[in-house]
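When you get a sec, could you build the whole thing from the sequences and use the hints?
From first to last, the protein sequence lines stand for chains R and E. According to the working numbering, the first sequence holds residues 1 to 305 in order. According to the working numbering, the second sequence holds residues 1 to 354 in order.
Keep in mind the hints are simulated off the structure, nothing from the lab. Among these hints, one or two may not hold up.
Below are the DMTMM-like pairs computed for lysine to aspartate or glutamate, each with C-alpha atoms no more than 20 Å apart in a straight line [said to hold, decoys possible]:
(1) E:Lys212 - R:Asp264
(2) R:Lys194 - E:Asp270
(3) R:Lys194 - E:Glu276
(4) E:Lys156 - R:Glu273
(5) R:Lys198 - E:Glu276
(6) R:Lys260 - E:Glu36
(7) E:Lys351 - R:Glu266
(8) E:Lys350 - R:Asp264
(9) R:Lys260 - E:Asp255
(10) E:Lys213 - R:Asp264
(11) R:Lys23 - E:Asp153
(12) R:Lys19 - E:Asp153
Sample of chain E residues at the chain R side, in silico, Cβ under 8 Å [as the list claims (entries may be wrong)]:
(13) Gly168
(14) Asp250
(15) Phe253
Just a sample of chain E residues kept apart from chain R, beta carbon distances all over 10 Å, derived [said to hold, decoys possible]:
(16) Ile65
(17) Asp77
(18) Glu79
(19) Gly120
(20) Ser134
(21) Lys140
(22) Lys212
(23) Glu311
(24) Pro334
(25) Lys335
Backbone N, C-alpha and C fix where the C-beta goes; we use that ideal spot for every residue, glycine too.
Chain by chain, the residues run as shown.
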Amino acid sequence: MEPILIVKDLKQHFTVNRKYSVKAVNGISFEIYPGETYGLVGESGSGKSTTGRSIIRLYEPTSGEIIFNGHKISGKMSEKDIKELRTKMQMIFQDPMACLNPRKKVVDIIAQGLDIHHLYKNRQERLEKVYRILEKVGLSKEHANRFPHQFSGGQRQRIGIARALVMNPDLIIADEAISALDVSIQAQVVNLMKAIQKETNTAYLFIAHDLSMVKYISDRIGVLHLGHLVETGTTEEIFTNPIHPYTKSLLSAIPAPNPKVERDREVLTYRYEESGIDYTQGKRQKISDTHIVLATDEQLKEWTK
Amino acid sequence: MKERVLSIRDLSISFKTNHGVVNAIRGIRFDLFKGETVAIVGESGSGKSVTVKAIMGILSSNGFINSGKIDFTYHRDDEVVKKDLVQLSKKEMRQHICGKRIAMVFQDPMTSLNPTMTIGEQVMEGMIHHYGTSRKEAFKKAVELLELVGITDAQKRMKSYPHQLSGGMRQRIVIAIALSCDPEILICDEPTTALDVTIQAKILQLIKDIQKKKNISVIYITHDLGVVAKVADYVAVMYAGKIIEKGSVDEIFYDPRHPYTWGLLSSMPDVNTVDEELYTIPGTPPNLLRQVPGDAFAPRNHYAMKIDYIEEPPMFNVGGKHRVSTWLAHEKAPKVSMPASLKQRIEKMKKEAE
Ligand SMILES: Nc1ncnc2c1ncn2[C@@H]1O[C@H](COP(=O)(O)OP(=O)(O)OP(=O)(O)O)[C@@H](O)[C@H]1O
Ligand SMILES: Nc1ncnc2c1ncn2[C@@H]1O[C@H](COP(=O)(O)OP(=O)(O)OP(=O)(O)O)[C@@H](O)[C@H]1O
Ligand SMILES: [Mg+2]
Ligand SMILES: [Mg+2]
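Right, here's the structure in full:
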């Protein structure tokens, strides 16, 4: 099977001022296959959102190649590729309020993509599509004529999800899409995303920090740290056989809903500066066909002892 | 005797909207003790943020408090002062309470940071404004605070603007600002929602350390039950503007009594959840534009009885600190117990804790 998305050695650097530039994403490679969920995890500032935004071309990548549905979408794009990208790839954002126009009604926010690309025959069909999607995300028709500020944080996030889903995309980049939701709605949305995936074969790039949810939803996982993909593998491989010390520390920090255990949990600390590891020296080392770790030969030997 | 810092009684809050009046908070009561942490959990829209915004006196302009009081007890030099925050003017709140004695970390870091000011200025502002700290002193303290919340290169980052930071870094700045004036109560509204687990673990530890050192009290809103398990002494579960179950963290996690709490606990992915669907609570919360007859949870409650649709259940005392508002706790109600799968999960948790 051909991947729906191929990311090759993607770099995204930001110039803050003449002396200071941030290497937010520093040479990462991975693929996503149709109908699968690729989870991207890593600490705050590790470049998860930047990766998502570069892929959907909110940024101009510094270097590297991105191929979507067989079309190269890094560098210059044709009109047709732009339209393909804007309809077939959708993003759900981390910050629900910042991306909802406060002066627009919910119905118009959700239908925006449909409007731009003329994806309905008449007003009736437009409205029906919006109602159907509202119901799917656990809101009701009555909400369609309200404004974003009249919703709670979690409700707003569902509007963002509806806006992406209504386009029937091949790939959805979900950047912390469920983080602001409470558990029961998280479960609803995750079940919903899974059901839609089964039905439509949509692939997800699922960016999140809640590892128990990532574990549940993802087929494969990539672990990002300081702009480098330090480890990637199937969910099973990452959780049962983590190799990289950063992955190990990440897994040790997941809080369990068990007060007596939580009170004296020890979190493995990992400090890059003190670890003696230099990510730029690492190679992509194959543990299995699907499991890859960024390491030098010596590090790999030590970590797999 | 434990010292009661905050005591909320019969608080009821509504919002005027184009569609009518939304009864967002329908009579809640709880206490916060010195040095302790109360966690508020509940579905989106259940009224968690509105509750804490009322404490801060920052309800939006269409909101009003129908009834109730919020008694805040604090120390001014050697004097013990007790004030009902509901009665204070916006100006009094701003001058004496907000940001100084009660500080809040918001759900949405971008809205609480000023995009046109450097983060350094923003961390220093409160100290200068509330305590007249000198700029030099404030700068030093600000750098320390940034280091405390885990910002590397703190000195350099003082000059950054919010948009130059990642979501998680921004949230840590907001926490640094909240801590800058040594508050007696720290309110955290989903403070780690945007953070990854390692930083979250650090920040939770940080809040705990500061709490121990300064004996501050914390109100913590989160939907992550793992986080609740880690930080809370006491848990309040909210549904449709009411607290429907409350108790010590152990009581709520190992002996939940309300079907809604059962639902919340069941809907988390378990370590062993494989491909089956996650449990979800059927239906949606009631529309608070209308009066809710009986128990607001009844239409979604698998165990609902006739009376649930007619009369609102009182708070039943089920021992210890544990209170629950469901007719199932009535002595004459049929005995129902939690779903078997949840029971198994709790048994397993108890074993792990041994
Ligand atoms: N427009 C920008 N200009 C300058 N630096 C930026 C910009 N956007 C992001 N960065 C920097 O790039 C790095 C990665 O940020 P990014 O938002 O991708 O992190 P993240 O992994 O999504 O973190 P979080 O979990 O906190 O959302 C950070 O150091 C951030 O400060
Ligand atoms: N300014 C407002 N005008 C009208 N209704 C409002 C306003 N602010 C809040 N509400 C309503 O009050 C109820 C409680 O909202 P609140 O923000 O407290 O929810 P929450 O429990 O914090 O949810 P979340 O977990 O999604 O943040 C919701 O039904 C919401 O729609
Ligand atoms: Mg991000
Ligand atoms: Mg809220």
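Results for each hint:
1. With a CA separation close to 16 Å, the supplied pair lysine 212 of chain E and aspartate 264 of chain R stays within the 20 Å bound.
2. Under the criterion of a C-alpha separation no larger than 20 Å, the hint pairing lysine 194 of chain R with aspartate 270 of chain E is consistent with the structure, at around 17 Å.
3. Between lysine 194 of chain R and glutamate 276 of chain E the alpha-carbon distance is near 11 Å, which keeps this suggested pair within the 20 Å criterion.
4. Simply put, lysine 156 of chain E and glutamate 273 of chain R have alpha-carbon atoms about 17 Å apart, close enough for the 20 Å limit, and the pair holds.
5. This hinted pair checks out: lysine 198 of chain R and glutamate 276 of chain E have alpha carbons roughly 13 Å apart, not beyond 20 Å.
6. The suggested pairing of lysine 260 of chain R with glutamate 36 of chain E holds, with an alpha-carbon distance near 17 Å, which does not exceed 20 Å.
7. A distance of roughly 18 Å separates the Cα atoms of lysine 351 of chain E and glutamate 266 of chain R; the hinted pair therefore holds under the 20 Å criterion.
8. Pair hint lysine 350 of chain E plus aspartate 264 of chain R holds up; C-alpha atoms about 15 Å apart against a cutoff of 20 Å.
9. Restraint check for lysine 260 of chain R and aspartate 255 of chain E: the C-alpha separation of about 13 Å stays at or below 20 Å, so the hint holds.
10. Restraint check for lysine 213 of chain E and aspartate 264 of chain R: the C-alpha separation of about 18 Å stays at or below 20 Å, so the hint holds.
11. Using a Cα cut-off of 20 Å, the hinted pair lysine 23 of chain R and aspartate 153 of chain E holds, with the two alpha carbons roughly 15 Å apart.
12. Annotation: proposed proximity of lysine 19 of chain R to aspartate 153 of chain E holds, straight-line Cα distance about 15 Å (limit 20 Å).
13. Here the hint on glycine 168 of chain E is kept, as its CB sits about 2 Å from the closest CB of chain R, short of 8 Å.
14. Residue-level restraint check for aspartate 250 of chain E holds (minimum Cβ-Cβ distance to chain R is 6 Å; threshold 8 Å).
15. Interface hint at phenylalanine 253 of chain E: satisfied, since its Cβ lies 5 Å from the closest Cβ of chain R, which is below the 8 Å cut-off.
16. Every Cβ of chain R is farther than 10 Å from the Cβ of isoleucine 65 of chain E; the closest lies at roughly 19 Å, confirming the non-interface assignment.
17. No beta-carbon of chain R comes within 10 Å of the beta-carbon of aspartate 77 of chain E; the shortest separation is about 35 Å.
18. At the 10 Å boundary, the C-beta of glutamate 79 of chain E stays outside the reach of chain R, the nearest C-beta of that chain being 36 Å off.
19. Residue placement check: glycine 120 of chain E keeps its beta carbon more than 10 Å from all beta carbons of chain R (closest about 15 Å).
20. Under the 10 Å C-beta cut-off, the non-interface status given to serine 134 of chain E relative to chain R holds; the minimum distance is some 28 Å.
21. The claim that lysine 140 of chain E lies off the interface holds: its Cβ sits roughly 23 Å from the closest Cβ of chain R, which is beyond the 10 Å cut-off.
22. For lysine 212 of chain E, the shortest C-beta to C-beta distance to chain R comes to about 13 Å, beyond the 10 Å cut-off, and the non-interface label holds.
23. Every beta carbon of chain R lies more than 10 Å from that of glutamate 311 of chain E, the smallest distance being close to 25 Å; the non-interface claim holds.
24. The claim that proline 334 of chain E lies off the interface holds: its Cβ sits roughly 25 Å from the closest Cβ of chain R, which is beyond the 10 Å cut-off.
25. Its beta-carbon lying about 25 Å from the closest one in chain R, lysine 335 of chain E satisfies the requirement of being farther than 10 Å from that chain.
Checked against the numbered hints listed earlier, the structure breaks none of them; every hint is satisfied.
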